[in-house]
Amino acid sequence: MEASEEPEFDATLGGTEHLPYSANSLKFASSRSVEIAAMTESILRPSKTKLVFQTLPVHMRRRVMSHNSKRLPRKLRKAHLDQLKKSGLPPKQKRPSRKYRRRPANLLEEYNRRQKRNVWLETHIWHAKRFHMTERWGHRLPYAPCDKAFRACYRGSSAHCLLQDISYYTPIQIIGTEKLIKEMFAKVTSSVCGLGIGAMAYINGTRQGTIHIYGINSFPFGYIGKVQFIWAPCDRTNKSLWLFVHPSQANLIKSVLEEAVSAQDQDDYETTKKRRKLENGAESIQIKAMPGNFNRFRLTGPNSHAVLVQSLKCVNDGIKNAKWVSLHKPLDLEEKAQYWQTISTASSPAQLPANMVVGLVVKDPRLSRPQQRTKAKQDTNTEIDTDSLLRIPHFISNSPLWNVKIHESIKKESMTNGQFIQHVTKNQLVPGEVDEDDPALQCVPVVLVQRPGSQNPEYKKIGYGSGWDIILPSGYALPFWLTFIMFGARSGGLRETESLAFEMGECYLPPDSDAGKENERRIKLELRERYFRLPPSKRVNYIKIAINSPFVCPWNVLLSDWSENQVNKYFVLRNRTILNDIQECITKKRSLPNIENAISCLVPVYVKLVAKGSLQKHSLICLPEAGDFANLKTLFEPHHEDPNEKIRKLKRSEHIKLLKKIRKSKIKLKKKEKTAGAEKLRKITTIEPSEYTKSMRELWLPSKVESVRNVASRQVMGYVAQGAFSFTEACSCGIGYIAFHALKHLLNNGLNQVLVRNTTSRKYRLANIMIVKDT
Amino acid sequence: MADENTQQKKEESKKRPKRHPNKNYALKKRLPLKPVDGDNVIFITKKTNFKAQLDKCCDLLTRGEKEIILHGLGAAIQRCCNLALQLEILFSGTCQIEVNTGTVDCVDDLEPLTEELDFDSQVRCSSSIHIRIFRNAMLGANQ
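Protein sequence lines, in the order shown, are assigned to chains L and V. Reminder that position 502 of the first sequence reads as 502 in the working numbering, one-by-one numbering, no gaps. Numbers in the working numbering are just positions in the second sequence, counted from 1, shifted up by 1000.
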């Protein structure tokens, strides 16, 4: 570079360069044509219209990036500062705010205070920095990531790995003999819903099962929720069973089970009273809820297997270092490590046996962390052996994790992050290298549970939603979580749980359970509030488009309308054989068979639009009429009269007059007070809306819904509970419920398609229906 | 003649017994084992739009990929062949096709429908086709 900066002279001044006497303009231009083209191009379409930080992808942008260059990646900082110099540097950083300076000195104490109202997960602080948090079911839970990653999370679940913390699921331990437990569960479950708790397939503990729990002897009414269970493998007569219950149902399920036990004891007592009294006390069932004893992470997507393989390193020989080993000796370590090695080459968890439970003892996850965030890749060169996929070896499922006694020891002996870093910096010989067999860190027992995802190619693509659940002892959530993140898992929150259930075509919190009703109520309040916050000119006038309950689905009213009786209790159909029959009837356009309790029965359906159009929550599923299929394009709900419109206008003008009057009188009063020198009256703000607002709201949206079936021009059969654009189907889909009699009516007309209409629109659209079998 | 033949075939297919082994089990399919994945590997499916997959292949080839590999399994074999032939016409003279056939072992889960039975699994063989499409001359030397 220096050579070029030296001055050059032409020959007349004693230099070496000889200048030509004339210049050929054409040649001159043509030899620079490329540069000219580039210049005109850059003038016409300047590529750098953006600031430096705007070129970053959305997920890498930070809040005050333009002011604080430290928030940018280092390689962009210089360019950013140069750009800033041109437009004037930002003012110097202000003194930190008072709020910031007054932060509690002891954060931990403050955190403990805040945890009193809601339970926090162990990964709470990690999430609170990156997620919108909500209060749900007595927990403070991550709702959705701040980086607007809705589609990225879907892509994670379908092609990569989506990671969710579901430690809020409450584990319930049940100890008792197999026979007693089976008897107890016979009261709260029904065999028609699928395999029961004592089925051969689950009893040896190699697979996780799911059951539907109802109130005691109240099937099909009184549905409580879906529960996952694992039998802890052991040879003793007193077996232990672990239920993982959703926190919205945990208390209810525990009380129901306790009630079932006491009822059982009474029965036993009466029958055996005469014979033996001694046995009764010994043969009882213990039920213990243990919230916070385990952490449970959910990994979804084909890459979740690679993430687990990379981050979990099995301990395969005798473990000397861990204290918990003396309390419970882990078995079959070598065989387990070998099996994990053989299945490690699978390219997706969907290739492994369904719902398999794998108990492993692994090294501390901090030791196998990569330096930078990398995407875990599968070693695809060696093909997996088909034989190893066929059977689950019997030894694989036992785990010391199910022994409650060791939990305390594990938690006590675990190394905090600070201690770990101190230890590593002190002991490492080569900087940056970590000894994988460090004896100072104890090994950890974990349990992996496979989820098969979709296994029915007619319903959803095979393997969608497959993944692993990992159950960890408490105290180890963050080390494992960070390792998974470093191996390229994308984190999601509750929104992802909802959208995953929707994409899989499953019912999320069904409407016949208390949890579902609570959820509906919450959504209704939220939507109603939002509706009335809009100015009147921006509100949809639901009366004009004949929708009388836009924010909630009135199942009671719907069923009463279709049965001509008052229906108070209702249930969602979960009988496997009947659901299969109904599906067959729908595909073949046959009429439906009769079932018990048909008047209060809702049939879960998957609604899929035939052509374009969007589908939203609470949309109506309507009965098509004879000529509808021919003129679908022009099929609109006619305009309806709104009788309340005039009343509202009158009321409003009256109210304005009244307000004016009050204001005038106030001003008069003030003048008087000023002369008198009286005290100021403090303004009282009330949260409760005034009588006027309430009555106006009632006129906008009458709260009493008496009939829904014949309100619009097409009869309403049911409602869509969850609807959106589905990425797996590439069209708008929804999960809804149809009254059984309405479905019967539809099939009797020889039709198997329905009309759907959004709550904000007059347009009817055609949709296909399928029965949801996995409720 | 042709009509008669198809009719006969229809009848035959009706007679063929269904694959369900018995009434005690429900058949659940697992994901078949995949060959090596990569940027230039495309798995042809029946569900994905044919035109979309054709466009994807065209894009890859015009972008300068030396070879692309198409995999088809079971009922998607016909689509896979069609796609390869379409590509051959579109890139006439500049592409060549190499076809391999094979068999893939698919594992099915047999989920019991009664309490007394344990899970079972079966291996089902499915035919597969692997088509390698490679360029033997570049389209337009300056590209």
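FYI, nobody ran anything at the bench for these hints, they're computed from the structure. A few of these clues could be false.
[What the hints assert, rightly or not] In silico lysine-lysine, DSS-like type, Cα no more than 25 Å apart, as pairs:
#: 1; chain 1: L; residue 1: K588; chain 2: V; residue 2: K1056
#: 2; chain 1: L; residue 1: K612; chain 2: V; residue 2: K1056
#: 3; chain 1: L; residue 1: K704; chain 2: L; residue 2: K646
#: 4; chain 1: V; residue 1: K1046; chain 2: L; residue 2: K612
#: 5; chain 1: V; residue 1: K1056; chain 2: L; residue 2: K461
#: 6; chain 1: V; residue 1: K1046; chain 2: L; residue 2: K608
Model, not experiment: these values are computed from the prediction.
In ascending order, which of the hints set out earlier in this document are inconsistent with the structure? 1
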